[in-house]
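Colleague: Input sequences plus hints: build the corresponding full structure.
Sequences listed follow chains A and B, in order.
Per the working numbering: the first sequence = residues 1 to 312.
Per the working numbering: the second sequence = residues 1 to 243.
The set of hints was computed from the structure by calculation and includes no laboratory data.
Keep in mind that the hints are not guaranteed to be accurate.
[Stated by the list, open to error] Straight-line C-alpha distance at most 25 Å; calculated DMTMM-like pairs for lysine to aspartate or glutamate:
1. A:Lys217 / B:Asp234
2. B:Lys241 / A:Asp214
3. A:Lys92 / B:Glu156
4. A:Lys217 / B:Glu158
5. A:Lys309 / A:Glu207
6. A:Lys92 / B:Asp234
7. B:Lys220 / B:Asp27
8. A:Lys287 / B:Glu215
9. A:Lys217 / A:Glu282
10. A:Lys183 / A:Asp39
11. A:Lys177 / A:Glu194
12. A:Lys150 / B:Glu162
13. B:Lys241 / A:Asp142
14. A:Lys125 / A:Glu8
15. B:Lys224 / A:Asp142
16. A:Lys103 / A:Glu8
17. B:Lys213 / A:Asp142
18. B:Lys104 / B:Glu201
19. B:Lys241 / A:Glu8
20. A:Lys177 / A:Glu8
21. A:Lys183 / B:Asp80
22. A:Lys92 / B:Glu68
23. B:Lys143 / A:Glu42
24. B:Lys220 / A:Asp192
25. A:Lys204 / A:Glu282
26. B:Lys220 / A:Asp154
27. B:Lys104 / B:Asp80
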Amino acid sequence: MSILVVVESSEGKLKKASREAVCYAAQVGGDVIALSLGDTPEAELATLGANGASKVLNVAGSFSSSEEAAVAVSEAMNSIDANLLVMAQSAKADMIGGRVAVKQDAALVSNVVGLPDTTNGFSVKVSIFSSKAFAHVALKKDKKILIVSKNTVDVKEEGGSANVEAFSVSLPDSKVKVTGEEKASGDILLTDAEIVVSGGRGLKGPENWGMVEDLAKTLGAATGCSKPVSDMDWRPHSEHVGQTGIKVAPTLYIAIGISGAIQHLAGVNSSKYIVVINKDEEAPFFKAADYGIVGDAFEVVPKLTEAIKALK
Amino acid sequence: MKILVCITHVPDTTSRIAFTDGNTKFDSSGVQYIIGPYDDYAIARAVELKESNGASVTVLNVGGAETEPTIRKALAIGADDAVRVNAAPTDALFVAKQIANVAKNGGYDMILMGRESIDYNGGQVHAMVGELLGIPSLSPVMKLEVDGNAAKMSREVEGGKEFVEVAMPFVAGCQEPIAEWRIPNMRGIMTARTKPLNVVEPVATDEAVAYVKYEQPAPKAGVKMAHSVEELVDLLKNDAKVL
Ligand SMILES: Cc1cc2nc3c(=O)[nH]c(=O)nc-3n(C[C@H](O)[C@H](O)[C@H](O)COP(=O)(O)OP(=O)(O)OC[C@H]3O[C@@H](n4cnc5c(N)ncnc54)[C@H](O)[C@@H]3O)c2cc1C
Numbered sequence: 001m002s003i004l005v006v007v008e009s010s011e012g013k014l015k016k017a018s019r020e021a022v023c024y025a026a027q028v029g030g031d032v033i034a035l036s037l038g039d040t041p042e043a044e045l046a047t048l049g050a051n052g053a054s055k056v057l058n059v060a061g062s063f064s065s066s067e068e069a070a071v072a073v074s075e076a077m078n079s080i081d082a083n084l085l086v087m088a089q090s091a092k093a094d095m096i097g098g099r100v101a102v103k104q105d106a107a108l109v110s111n112v113v114g115l116p117d118t119t120n121g122f123s124v125k126v127s128i129f130s131s132k133a134f135a136h137v138a139l140k141k142d143k144k145i146l147i148v149s150k151n152t153v154d155v156k157e158e159g160g161s162a163n164v165e166a167f168s169v170s171l172p173d174s175k176v177k178v179t180g181e182e183k184a185s186g187d188i189l190l191t192d193a194e195i196v197v198s199g200g201r202g203l204k205g206p207e208n209w210g211m212v213e214d215l216a217k218t219l220g221a222a223t224g225c226s227k228p229v230s231d232m233d234w235r236p237h238s239e240h241v242g243q244t245g246i247k248v249a250p251t252l253y254i255a256i257g258i259s260g261a262i263q264h265l266a267g268v269n270s271s272k273y274i275v276v277i278n279k280d281e282e283a284p285f286f287k288a289a290d291y292g293i294v295g296d297a298f299e300v301v302p303k304l305t306e307a308i309k310a311l312k
Numbered sequence: 001m002k003i004l005v006c007i008t009h010v011p012d013t014t015s016r017i018a019f020t021d022g023n024t025k026f027d028s029s030g031v032q033y034i035i036g037p038y039d040d041y042a043i044a045r046a047v048e049l050k051e052s053n054g055a056s057v058t059v060l061n062v063g064g065a066e067t068e069p070t071i072r073k074a075l076a077i078g079a080d081d082a083v084r085v086n087a088a089p090t091d092a093l094f095v096a097k098q099i100a101n102v103a104k105n106g107g108y109d110m111i112l113m114g115r116e117s118i119d120y121n122g123g124q125v126h127a128m129v130g131e132l133l134g135i136p137s138l139s140p141v142m143k144l145e146v147d148g149n150a151a152k153m154s155r156e157v158e159g160g161k162e163f164v165e166v167a168m169p170f171v172a173g174c175q176e177p178i179a180e181w182r183i184p185n186m187r188g189i190m191t192a193r194t195k196p197l198n199v200v201e202p203v204a205t206d207e208a209v210a211y212v213k214y215e216q217p218a219p220k221a222g223v224k225m226a227h228s229v230e231e232l233v234d235l236l237k238n239d240a241k242v243l
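Modeller: Given below as structure tokens:
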């Protein structure tokens with residue numbers, strides 16, 4: 001069986017989640033072939049061999065729409081006769097996956113959090129209700145697409161390097177014209193970050209975010225916020241974490257002056273460890289936390305930053 | 001301009017999530033249903049466009065008769081008429097096929113919906129509808145302005161946003177800050193009662209996925225409280241081993 005894995009990179013480096021997706025496919029078992037769309041350096045792509053890819057197909061060019069990307073992915077599936085497509089969860093993967101599912105008449109599931117169970121058909125565990133529950137879903141078509149959540153499998157590095165082959169497809173004319181872009185502030189992507197430091201309404205105003213940024217910088221963390229904070233324009237919308245914002249799954253999530261409303265928790269409850277800093281010992285967030293400290297953020301946060309600096 | 005807005009009928013964000021029948025069914029007892037929060041942005045933007053540019057707004061829901069109060073709420077917010085495809089929304093491809101079937105002869109200039117539902121969170125339906133109709137699909141769209149026969153949008157991409165232009169028709173999965181949520185006013189609620197709500201039967205499709213069994217997450221072990229910053233740092237270093 002051949003398995004196709006679509007990999008993504010940013011600034012020429014493969015994303016960790018894409019390596020996880022290749023490892024995931026390798027654990028499913030079969031000939032794992034990766035597909036890269038865009039301009040990741042060949043040397044970087046070859047390193048996917050260590051994660052379990054036997055070969056990497058490389059489609060050069062820029063992809064401004066998911067329509068184009070889906071054509072490339074679907075043709076790659078046909079050319080290697082793949083009946084399983086694996087992608088790491090991302091906005092792009094969701095857009096491509098839906099289109100490929102239609103082209104290939106495939107069964108598609110996203111938010112996958114476990115390896116397939118093939119004892120009786122083919123089923124996988126997925127998270128639902130914004131990680132408040134899980135479901136076991138059976139895929140009932142010959143062709144299958146799995147969009148896998150971050151941290152579902154560990155990244156293994158053991159094989160050698162993979163052959164990188166150019167793969168050419170004729171793409172449809174894109175009806176989507178990209179006219180510009182804007183980089184989010186901060187160097188660390190919220191969705192990729194291992195540590196996230198978030199602030200809520202308890203911080204009183206945008207002028208008080210300096211201490212949040214200092215702590216984030218000390219930890220190498222990305223910054224996030226609660227919904228009212230971005231609604232009031234204290235912080236950009238791209239930092240809004242929760243059910244209606246970005247869902248994060250870092251190793252460490254530090255919540256400062258956030259009460260822990262259920263909609264906020266829905267975006268953070270896949271974090272490995274949650275630390276809550278709140279002056280109200282009754283704040284609901286403590287019930288969802290691993291570690292907590294009751295105190296005034298304006299005293300606790302600068303002290304915490306200094307103590308962590310002292311450790312390093 | 002004709003706008004189709006697809007909405008989900010989902011448990012309120014504060015609902016207790018539980019299952020019955022040996023964990024094979026969602027327990028809907030005592031659950032309040034709402035328009036999906038992301039779909040609520042889509043309907044709000046559609047109504048804004050109706051007010052600023054002139055448009056007719058049709059809402060569409062794939063669901064049983066129990067979803068009609070949710071559909072009426074969308075009519076109260078300002079949609080002109082509604083279609084309910086009379087079927088349980090079992091999986092993304094099934095729902096997408098129903099939407100595409102309604103849309104294919106409707107002459108809609110844009111099809112708006114939320115970026116994802118908040119029950120199954122699939123986030124796939126907009127892409128599938130785009131593919132089924134052979135038109136572009138974009139998501140998550142945070143800004144949408146009409147400019148002649150095209151739309152200018154900003155969409156979230158990893159690490160920032162991208163500005164794009166796309167000719168109508170298209171499908172967009174919406175996310176804040178595309179619009180502000182709207183609360184229906186009294187007049188809206190009154191007029192919604194008499195707006196047309198057409199019920200159509202689904203097109204048949206084969207089953208792609210089946211939800212076999214549900215499971216609750218394991219409860220948290222309980223919070224460890226630190227009484228000083230030093231103690232917190234010690235816990236993070238030696239207990240969690242994250243520093
Ligand atoms: C449909 C829907 C979707 C939603 N989606 C989201 C979402 O995606 N994300 C989200 O975040 N919210 C969401 N919300 C809003 C959510 O319900 C809460 O209103 C919001 O999360 C509260 O934000 P907060 O914790 O920053 O503010 P508050 O609830 O006001 O909490 C502030 C906290 O700061 C503490 N505090 C005050 N001063 C200090 C101090 N000096 N030091 C330490 N602590 C202090 C207080 O004790 C309090 O606990 C949604 C709501 C709805 C209805």
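Colleague: Would the pair lysine 177 (chain A) and glutamate 194 (chain A) pass a check requiring their Cα atoms to be no farther apart than 25 Å?
Modeller: Given pair lysine 177 (chain A), glutamate 194 (chain A) is violated - Cα atoms ~33 Å apart, limit 25 Å.
Colleague: Are lysine 125 (chain A) and glutamate 8 (chain A) close enough, with their CA atoms no more than 25 Å apart?
Modeller: 24 Å, holds
Colleague: Regarding the pair lysine 309 (chain A) and glutamate 207 (chain A), is the alpha-carbon distance no greater than 25 Å?
Modeller: At roughly 23 Å apart (the allowed maximum being 25 Å), glutamate 207 (chain A) and lysine 309 (chain A) satisfy the hint.
Colleague: For the pair supplied as a hint, lysine 241 (chain B) and aspartate 142 (chain A), is the alpha-carbon distance within the 25 Å limit?
Modeller: 44 Å, violated
Colleague: Tell me if the straight-line CA distance from lysine 224 (chain B) to aspartate 142 (chain A) falls inside 25 Å.
Modeller: 48 Å, violated
Colleague: Measure nothing beyond the straight line between the CA atoms of lysine 220 (chain B) and aspartate 27 (chain B); if it is 25 Å or shorter, mark the hint as holding.
Modeller: 22 Å, holds
Colleague: Holds or violated: are the alpha carbons of lysine 217 (chain A) and glutamate 282 (chain A) at most 25 Å from each other?
Modeller: Not OK: lysine 217 (chain A) and glutamate 282 (chain A) at ~29 Å, beyond 25 Å, violated.
Colleague: Between the alpha carbons of lysine 217 (chain A) and glutamate 158 (chain B), is the straight-line distance 25 Å or under?
Modeller: At roughly 20 Å apart (the allowed maximum being 25 Å), glutamate 158 (chain B) and lysine 217 (chain A) satisfy the hint.
Colleague: Take the C-alpha atoms of lysine 92 (chain A) and glutamate 156 (chain B), compute the straight-line distance between them, and say whether it is at most 25 Å.
Modeller: 10 Å, holds
Colleague: CA of lysine 103 (chain A) to CA of glutamate 8 (chain A), is that 25 Å or under?
Modeller: 21 Å, holds
Colleague: Below or equal to 25 Å on CA atoms is what counts here, so check lysine 241 (chain B) against glutamate 8 (chain A).
Modeller: Answer violated: lysine 241 (chain B) to glutamate 8 (chain A) is near 30 Å, above 25 Å.
Colleague: Is lysine 220 (chain B) within 25 Å of aspartate 192 (chain A), Cα to Cα?
Modeller: Status holds; Cα separation ~24 Å.
Of the numbered hints given earlier, the model fails hints 6, 9, 11, 13, 15, 19, 21, 22, 23; all others are met.
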